[in-house]
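Novice: Construct all of the structure, not just a fragment, from the sequences and the given hints.
In terms of the numbering used here, the sequence shown opens at residue 150 and continues consecutively.
No wet-lab data here; the hints were simulated from the structure. Each residue gets a CB set at the ideal place from its N, CA and C atoms; glycine is no exception. It is possible that part of the hints are untrue.
Stated by the list, open to error - Taking CB as the label site, the calculated pair distances span:
no.	residue 1	residue 2	range
1	309	202	32 to 38 angstroms
2	201	254	39 to 45 angstroms
3	348	285	32 to 38 angstroms
4	212	254	19 to 25 angstroms
5	353	180	20 to 26 angstroms
6	181	254	27 to 33 angstroms
7	184	236	35 to 41 angstroms
8	195	164	36 to 42 angstroms
9	191	242	34 to 40 angstroms
10	220	349	22 to 28 angstroms
11	221	191	29 to 35 angstroms
12	219	362	37 to 43 angstroms
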Amino acid sequence: MKVAIYDLDKTLVRRATFTPFLAFAARRLAPGRLALMPVWVMLMIGYRIGFYDRTRLKTMGMRLMLGRRELAELQGIGREFADAHLDSAGWMEGVIAMVEEDRSAGRRLAIATAAFEFYARAFAEKLRIDEVIATRWDGSTIPGGNCYGAAKCKRVADWLGEDPDNAGMRFVSDSFADAPLLDLADDPVFVTQSAAKKKRAEARGWRVIDGSL
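Specialist: So, in structure tokens, the structure goes:
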């Protein structure tokens, strides 16, 4: 069966999710930790400088802003967050229309994202997408590392359980970090409103859309 796989942040949803989730969840679960948001900003700067990778950054963010939380509690907050984030940010209408076209065409739908699975599933449920390939959280660490870049590509390949070239795969993303999957896809679709990014993506042979339309 042909498959259509979508990134989440800035692809299906207009804005990134992780920092907004940390703020939202801290406000609900540990309001006193909101005072630590400047520390989180410094940690993000440290990542940009190259002091640590994304897996370490996200682990530190979770521990800093939320401490230890049961997965069920995070899933509940994740559903509340999805509602609030969509109220403020909204879906990318053009990409959502593509999802519905893929559904009508009988494609197998999935979301592949670096976002944490406990809240990514809440967004997927709203789109009636059952398959979610995302970053895992065990309460204190990220088993298997952040679902990003080459790691995301491997996770998708493992999920397919076959040569992706034979699966008629469409992959849709806004990020050049997803180049391994975009290059692998039969129908790579890059989402951007930037003329510079459009030119760069087209040079790699990817189809480019403005997902907001």
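Novice: Each hint needs a verdict: does it hold in this structure or not?
Specialist: Hints versus structure:
no.: 1; hint: 309 <-> 202: 32 to 38 angstroms; result: 26 angstroms, violated
no.: 2; hint: 201 <-> 254: 39 to 45 angstroms; result: 42 angstroms, holds
no.: 3; hint: 348 <-> 285: 32 to 38 angstroms; result: 36 angstroms, holds
no.: 4; hint: 212 <-> 254: 19 to 25 angstroms; result: 43 angstroms, violated
no.: 5; hint: 353 <-> 180: 20 to 26 angstroms; result: 45 angstroms, violated
no.: 6; hint: 181 <-> 254: 27 to 33 angstroms; result: 50 angstroms, violated
no.: 7; hint: 184 <-> 236: 35 to 41 angstroms; result: 25 angstroms, violated
no.: 8; hint: 195 <-> 164: 36 to 42 angstroms; result: 23 angstroms, violated
no.: 9; hint: 191 <-> 242: 34 to 40 angstroms; result: 36 angstroms, holds
no.: 10; hint: 220 <-> 349: 22 to 28 angstroms; result: 39 angstroms, violated
no.: 11; hint: 221 <-> 191: 29 to 35 angstroms; result: 31 angstroms, holds
no.: 12; hint: 219 <-> 362: 37 to 43 angstroms; result: 41 angstroms, holds
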